[in-house]
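Starting from the given sequences, assemble the full structure and let the hints guide the process.
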Amino acid sequence: MNKMINKLSLASLGLVLLSSSVFAHGPTPQRVDEHINIDADVATVWQKVNAFDQLDKWHPAVESITMQDEATRIVTLKSGGEITESLDESDAERHYIGYRLLTENIEAIPVSFYTIGIEVEAADTGSKVSWSGRFYRADTGNFPPENLNDEAAVKAMTEYAKSGLEGLKASLEK
Amino acid sequence: MSIKPLIFCLGILPAVASADDFYISSQAGNHLSLFNSKTDEITKAVEVSAGPVMVAVDKSNDVIYLSHPEQGKLSVIDLNSFELINEIKTGGQPFAMILDSQKSQLFVTDWSRNALLVINTTSRQLVDLLAVGESPAGIAIDPDGRKVFVANREGNSVMVLDADTPDLYATIETGERPYAVAFNPINGHLYVTCVKDNSLTVIDTKTYEKTADLKPGKAPYGVTVSDDGKRFYVVNQNDNTLVEFDAGSLQIMQTIKTEKMPESVELSPDQQHAYVTNWFSNSLSIIDLQQGKQTSSIPLKDGPRMISLAQ
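First to last, the sequence lines map onto chains A and B. Residue 22 in our numbering sits at position 22 of the first sequence; the count goes up by one each step and never skips. Residue 224 in our numbering sits at position 224 of the second sequence; the count goes up by one each step and never skips.
Some hints here could point you the wrong way.
[Claimed, not checked] Across the chosen pairs, the derived CB separations fall in these ranges:
hint, chain 1, residue 1, chain 2, residue 2, range
1, B, S123, A, E70, 51 to 59 Å
2, B, K89, A, N149, 21 to 29 Å
3, B, Y208, A, E166, 48 to 56 Å
4, A, P145, B, E47, 22 to 30 Å
5, B, I85, A, E159, 37 to 45 Å
6, B, K230, A, T66, 48 to 56 Å
7, B, T207, A, D69, 32 to 40 Å
8, B, E47, A, N149, 20 to 28 Å
[To be verified] DSSO-like mimics (lysine-lysine), calculated; alpha carbons at most 30 Å apart, straight line:
hint, chain 1, residue 1, chain 2, residue 2
9, B, K89, A, K162
10, A, K162, B, K260
11, B, K260, A, K48
12, B, K257, A, K162
13, B, K301, A, K128
14, B, K218, A, K57
15, B, K260, A, K169
Keep in mind that the hints were calculated from the coordinates and are not lab data. Keep in mind that this is a model prediction, so the values were computed, not measured. Where a beta carbon is used, it is the ideal one built from N, C-alpha and C, also for glycine.
Structural data, given as structure tokens:
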């Protein structure tokens, strides 16, 4: 069952280059790492954070949530556009949820993939919530345009995390 | 993995690499660091060309290869001085690398061109470019059996290629999104971490069959095998853990906490410690395998990816 492998000719390389995979993870992974202190106990904050289908109740950038199945949500953004996220884990002991981007929409958020974790910990007064994750720019080729490069991805992911944490705080401290 | 006796020349060349040296890439921080496992210290750190991801250390030629996928090139760095010797422009997105201990060649996966690159390590020229599956990531070699194993991340498969001729022996289905691979020369098994479905595929490289489907944890990433082939180790990026498997029973022997988003793992020469790069925490976990816990942590430059022993 030995089979000769195709040798790629140099001429065909140009064509191959054009069809870069949207999932390609060659680029440098980027990081989001935001925190906020909330004047509410861990159990109360965790209840909100853990409700995967209720993000629209506290994230100011989110218009609505539609559940595709019990672990997959379609997030409709106020700015327009939808992204689909899937829940990887919900750890009630650690007060941690982890989820990932399942279907990208680079016009809505200029990233090609992410994994995000939100964790609630006890703080001196109330709770500390951290929003952290790893992601890749929208254009994973080696010559991304400005709106799809690392900086654009970091900016969008950081703003989304910040506004989310502020919205969570506002919803619990009102 | 043969470690040549270098002790006799230490007096003449004090800077020569020792068996206790490990090399670490920091992709976002553009650094190559040298970690000495005798003193548990970073003994050298130099700035390199942007975005280094993988490291291959060629002791017989006294060079270190770094892959820079975003620049479509490899850096060739002097093992002792850490100075840049030259660059190999490959094009595409060169990613993981493996040296052939039997022949002057380096195999490199090219993520964006779905190709396996062959570099002649004497001439430092790209000499061949072979079509593999979609988004090839991790790579391993069986130097005696003359086989190369490539994980096709988007193809959900491992390809087995001949190390000397452009022949494809087999394409084996794995779990979803296979990333890293490690070959166990003692039992002929190949371990493949599959990031998306949180599995580890075990392949018998004699029969090309998938023989087991293990559950190491969430988002399994780097994997390495002990020198005696009796254990293998996997880090789980989303669990922040290191898992030790028994290579015979395929049972988990212990699960040890690392720092945040562990990326790759290597064992100390005496096999008593594990060293784990933590991508999110920018740190190196030093783990005592007897005690089953992290005993200390060393800060690393931004975005540490790979830790590698000299081959």
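Each hint tested on the structure:
no., hint, in the structure
1, B:S123 <-> A:E70: 51 to 59 Å, "57 Å, holds"
2, B:K89 <-> A:N149: 21 to 29 Å, "22 Å, holds"
3, B:Y208 <-> A:E166: 48 to 56 Å, "54 Å, holds"
4, A:P145 <-> B:E47: 22 to 30 Å, "28 Å, holds"
5, B:I85 <-> A:E159: 37 to 45 Å, "43 Å, holds"
6, B:K230 <-> A:T66: 48 to 56 Å, "50 Å, holds"
7, B:T207 <-> A:D69: 32 to 40 Å, "37 Å, holds"
8, B:E47 <-> A:N149: 20 to 28 Å, "22 Å, holds"
9, B:K89 <-> A:K162, "40 Å, violated"
10, A:K162 <-> B:K260, "20 Å, holds"
11, B:K260 <-> A:K48, "24 Å, holds"
12, B:K257 <-> A:K162, "28 Å, holds"
13, B:K301 <-> A:K128, "27 Å, holds"
14, B:K218 <-> A:K57, "28 Å, holds"
15, B:K260 <-> A:K169, "25 Å, holds"
Of the hints listed earlier, the one the structure fails to meet is number 9.
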